[in-house]
Amino acid sequence: MTMFRMPLSVWALFITAVMVLAGHAGAGRDAAAQLLDHHRLTSFFLPYNWTLSNQLQSAAGGGYPLLHQHLFWFYSHPAVYIMILPAMGMVSDILSVNARKPVFGYRPMIYALASIAFLGFIVWAHHMFQSGLNPTLGTTFAISTMFIAVPSAIKTFNWMGTLWGGNIRYTAANLTPSPSSRCSWSAGSRAFTWRPTAVDVHIHGTYFIVAHIHYVLFGRQHVSASSPASSTGIRRCSEK
85 MTMFRMPLSV
95 WALFITAVMV
105 LAGHAGAGRD
115 AAAQLLDHHR
125 LTSFFLPYNW
135 TLSNQLQSAA
145 GGGYPLLHQH
155 LFWFYSHPAV
165 YIMILPAMGM
175 VSDILSVNAR
185 KPVFGYRPMI
195 YALASIAFLG
205 FIVWAHHMFQ
215 SGLNPTLGTT
225 FAISTMFIAV
235 PSAIKTFNWM
245 GTLWGGNIRY
255 TAANLTPSPS
265 SRCSWSAGSR
275 AFTWRPTAVD
285 VHIHGTYFIV
295 AHIHYVLFGR
305 QHVSASSPAS
315 STGIRRCSEK
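Taking the numbering used here, the leading residue of the sequence shown gets 85, the next gets one more, and so forth.
If you are wondering where the hints come from, they were derived from the structure by calculation, not from laboratory data. Mixed in with the good hints, there may be bad ones.
[As the list claims (entries may be wrong)] Estimated spans, in silico, between C-beta atoms of each pair: (1) Asn218 <-> Val94: 37 to 43 angstroms; (2) Val94 <-> Phe205: 18 to 24 angstroms; (3) Tyr132 <-> Leu105: 44 to 50 angstroms; (4) Ala106 <-> Pro186: 19 to 25 angstroms; (5) Ser215 <-> Val294: 18 to 24 angstroms; (6) Thr223 <-> Met244: 31 to 37 angstroms; (7) Leu120 <-> Met90: 26 to 32 angstroms; (8) Ala282 <-> Arg191: 35 to 41 angstroms.
We put the CB at the ideal spot given by N, CA and C, even for glycine.
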């Protein structure tokens, strides 16, 4: 067994493990800094001359309030992909098994999963366009957010290529992954409307954004929840 013969589910779990190691480091630093600031030992997030109940706080001075938001989203945006990447691998394998053909574009699928993980770490500030972020920096994050659509589109097209011309079986294991590709199209097409900074400023924090993330995660979360049925479908195919 070589690396490029492993199931895509294993690849997805491996890439997710790398993301967990990298992302939790930022979350841990943020939590530690918050704890120290809470006990007035440091001022990582407390600005100069910060007051509480009209009383000047002695520990305050030189802190940067938005630093907490940067650290929070540096972990919390990759956390979305930490939730979804394992399910993406499962969807790929379940579709392949129930279409009775190999995954279309096996290596591009691996590169797409890795690209999604990498880009997930460099787009965090698109959650901060209303925070007074430098416009040039905001444009950079908007462009990098658009780039993440490329590996996502590769993944979705490869799912369609896997189903195309296959002997599709509508087993219990296949009833959720097949419609989940439709969720990817719906979520991806809507995301293009709020990636530009000028648009995102107006719809930030609305239910439009909430609907987007639910469309992204909805189908794949059910795949993870139905793993016993999924494994049954894979076993039956291998037995035949």
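Hint check results:
1. At roughly 41 angstroms, the beta carbons of Asn218 and Val94 sit within the given window of 37 to 43 angstroms.
2. For Val94 and Phe205, the Cβ-Cβ distance of about 22 angstroms falls inside the hinted range of 18 to 24 angstroms, so the restraint holds.
3. Range check, Tyr132 to Leu105: Cβ separation about 35 angstroms, and the 44 to 50 angstroms hint is violated.
4. A C-beta distance of roughly 31 angstroms is found between Ala106 and Pro186, which places it outside the suggested range of 19 to 25 angstroms.
5. For Ser215 and Val294, the hinted distance range of 18 to 24 angstroms is satisfied, since their beta carbons lie about 19 angstroms from each other.
6. Judged by the Cβ atoms, the range 31 to 37 angstroms given for Thr223 and Met244 holds: they are separated by roughly 33 angstroms.
7. For the pair Leu120 and Met90, the supplied restraint of 26 to 32 angstroms is violated, since their beta-carbon distance comes to about 42 angstroms.
8. One distance hint, 35 to 41 angstroms for the beta-carbon pair Ala282 and Arg191, holds here, with the actual separation near 37 angstroms.
Comparing the model with each numbered hint stated earlier shows that hints 3, 4, 7 do not hold.
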